[in-house]
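2 protein chains.
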Amino acid sequence: MNRIADISPGQFLEEELLRTIPLTRAMQLRVQEFTGVGLELRAPLLPNVNDKGCAFGGSMASLMTLACWGLARLALRERDFEPDIYVQDSQIEYLAPVWGDLAVRALAAPGPTLADFVDMYAQRGKARITLLASIDWDGQTAARMHARFVAKRRQEYTE
Amino acid sequence: MNRIADISPGQFLEEELLRTIPLTRAMQLRVQEFTGVGLELRAPLLPNVNDKGCAFGGSMASLMTLACWGLARLALRERDFEPDIYVQDSQIEYLAPVWGDLAVRALAAPGPTLADFVDMYAQRGKARITLLASIDWDGQTAARMHARFVAKRRQEYTE
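Protein sequences appear in the order of chains A and B. Quick note on numbering: the first sequence equals residues 1 to 159 in the numbering used here. Quick note on numbering: the second sequence equals residues 1 to 159 in the numbering used here.
Extracted from the complex, chain A is given alone in its bound form:
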C-alpha cells in the first residue's frame, strides 16, 4: 500500500486545497470531517475577520463554496473519478453575524443524491448537482448557500 492510500479522504482534500488554492492558506482552512454524504470545514475567525470584527462575508462565501466543491470532489474520488469540478451559480443568505471561529457544513440538496451525481458522471462523463452549505453560530443558522456544480472530464488548459 502506498503512502497516498494511508491518508483519509478529509486529509487528502485538505492537503489538496491548501496546496492548490493560496486563499485557503490565508483563511487557515481545515477539513474537519467527511462522512460520505456530508463535509465539514473549519477556519478560525482571526484571518477571516471584517471591519466590524465579525466574520467577513467573502470568507463565508469562499468557505461555503469550498465545502460544496470538496464534497463533490470526494464523492467522485471514492469511485476513482478525477474530473474538473466547477461552481456554476450560487445563492447566499447572510442571516446573522458570526463572532467566532467558522464551521461550515455541506450536503446535497433535496433531489438527486451524491450517489446519483456520481452515477450520472460514470455514464455520461458529465454531471450536475445542487449542494447546500451552511454556517451555524450561537445555535442558529448564520449563513446558507445553495449552489449548482458541474463535473466534466478533465481537459488540458492553456492560458
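Please keep in mind that the hints were generated in silico from the structure rather than gathered at the bench. Check before you lean on any hint, since a few could be wrong.
One copy or two, either will do: identical chains are not told apart, so a pair holds if it fits within one copy or between any two.
As the list claims (entries may be wrong) - Derived lysine-lysine pairs resembling DSS-like cross-links, with alpha carbons at most 25 Å apart:
1. 52 x 152
2. 126 x 152
3. 52 x 126
Given chain A, work out where chain B should sit, using these hints.
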C-alpha cells in the same frame, strides 16, 4: 486641511479594506477607480488562483461583494455618513473561467439609485439597495453578482 482630506475616496477605501479585512491583503486587492456611481477593484491572478490555474470562485465572490460594499461605503461617506453596511443576500453566476488578473466593477441595479439610497439613509437611519458586480475577461462577462446591502446606524459591538 488635514491629511485625511488629501487622499481620494478610492485611496481611503483601499487603505480601510487592507487594514481591516486580512483576506483583502491575501488577495492583493487594489481600488482602481470610484466615479461616484461605480467602483472598480483589481487583484492579480496569482494569489487568487484555483486548482485549475484560473481564478478561484471564492476570490471572485469576495471581490464582487467587496466592490459592492465599497461602492455603498463611498456613496454614504460622500455625505459624511458612516453607518454599518452589511450584505444581506447575493446571487452569483459563474459564466466562464478567468485566466488573468481580475477587474471587478460594481454599480447600482436598475431601480433605486445610490443617491436614493443615501437619501433614504439620511431620512430613516436605515436603507437598502440592490447592487450589481461583474468580472469581464477576454471580451465577455465571466461572472456577475447581484446582492442586497443594508446600511444601519453604527452600533457598539461586544463579542
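> Quick one: residue 52 to residue 126, C-alpha cut-off 25 Å, is that within a copy, between copies, both, or neither?
Replying inline: between (42 Å within a copy, 17 Å between copies)
> Is it within a copy, between copies, both, or neither that the alpha carbon of residue 52 lies no farther than 25 Å from that of residue 152?
Replying inline: between (40 Å within a copy, 13 Å between copies)
> Is it within, between, both, or neither for residue 126 and residue 152, if the alpha carbons may be no more than 25 Å apart?
Replying inline: For residue 126 and residue 152, the Cα distance is within 25 Å only inside one copy (5 Å; across copies 45 Å).
The structure fails none of the hints (numbered hints given earlier).
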